[in-house]
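Keeping the supplied structure of chain A fixed, place chain B upon it in accordance with the hints.
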Amino acid sequence: EAGVTQFPSHSVIEKGQTVTLRCDPISGHDNLYWYRRVMGKEIKFLLHFVKESKQDESGMPNNRFLAERTGGTYSTLKVQPAELEDSGVYFCASSPGTVAGRQYFGPGTRLTVT
Amino acid sequence: DAKTTQPNSMESNEEEPVHLPCNHSTISGTDYIHWYRQLPSQGPEYVIHGLTSNVNNRMASLAIAEDRKSSTLILHRATLRDAAVYYCILRDRGIGNAGNMLTFGGGTRLMVKP
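Chains as they are written, first to last, in my numbering: chain A, 1037 to 1150; chain B, 2 to 115.
Chain A with its partners taken away, still in its complex shape (with noise of 0.2 Å):
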C-alpha cells in the first residue's frame, strides 16, 4: 500500500512569492490533517479535512494559507503571500474514518522563504 506523498519535498521561494504544497494522502482515508513545524517550534496542527469538508481549520495561522481538498482525494496548501516566518516543515496525515485513530504522515515538505 502507498504511503502518504507530499510535494515537492523542497521549495526555496522568496518573500512576497506565493507557493503551493501538495498531499497526497492514502487511497480510501477520509481524513486528512495539515501540520507544520515552524523553526525551533513544535510541530502545530493546521486543519483537518474529512472527505472535501474542512472539519477544524483552527491552527491555520492566518488568511494567507488556504487549503482545498477538492473531490476528496489529493489537498493541497497554499500559501500566498509567502512571509519569512512560513519557512519550516509542513507535513500531511490521513486517517481512516475511526475518531483517535492512528494518522499516517507524509515526509513533509521544506519551505524556506528567503
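Incorrect hints may have been included.
Unchecked claim - DSBU-like, lysine-lysine: derived pairs with alpha carbons at most 30 Å apart:
{"#": "1", "chain 1": "B", "residue 1": "K70", "chain 2": "A", "residue 2": "K1080"}
{"#": "2", "chain 1": "A", "residue 1": "K1090", "chain 2": "A", "residue 2": "K1051"}
{"#": "3", "chain 1": "A", "residue 1": "K1114", "chain 2": "A", "residue 2": "K1051"}
{"#": "4", "chain 1": "B", "residue 1": "K4", "chain 2": "A", "residue 2": "K1090"}
{"#": "5", "chain 1": "B", "residue 1": "K114", "chain 2": "A", "residue 2": "K1077"}
These aren't lab readings, by the way, just hints derived from the structure by calculation.
Just chain B now, kept in the frame of chain A:
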C-alpha cells in the same frame, strides 16, 4: 488534549532495552495514550497506543500505570535506527472533533550509541 511531560533527551546503548517515561497526571477517562516517533528527516510515525492495559506490538511495548497518570514506552532492544524523537500524546476518544488532531509536545530525543 491533556498535557504530557517527557524528558528532553535520553541515551541508550545499542541492543539494550530503553524505557521512555511520560507523565500525564491530568489524563481524563476518555483519553487514549498514543506514542509517535520522528526519525531524522522523516514525518512522524505511529508507534503504539493504549487505554488502560499494557500493550505490545512488533515495534514496542506500552506500560500504563494503574492510575493512568503515567506510562512508559519500552523498546526491548534498541537499534541505531531507533534514534528519533519520541512523542507521548493524549487523544480524546470522545465524539466530535476533540480526538482528531494530534497535539505534539517537545518529545524525548533518544540517542542510541553503538
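Right, here's what the structure says about each hint:
For a cut-off of 30 Å, the pair hint linking K70(B) to K1080(A) stands: about 24 Å separates their Cα positions. This hinted pair checks out: K1090(A) and K1051(A) have alpha carbons roughly 28 Å apart, not beyond 30 Å. Of the pairs offered as hints, the one joining K1114(A) and K1051(A) holds, with about 14 Å between alpha carbons and a cut-off of 30 Å not exceeded. Among the hinted pairs, K4(B) with K1090(A) is consistent with the structure: their alpha-carbon atoms are about 26 Å apart, no more than 30 Å.
This hinted pair checks out: K114(B) and K1077(A) have alpha carbons roughly 26 Å apart, not beyond 30 Å.
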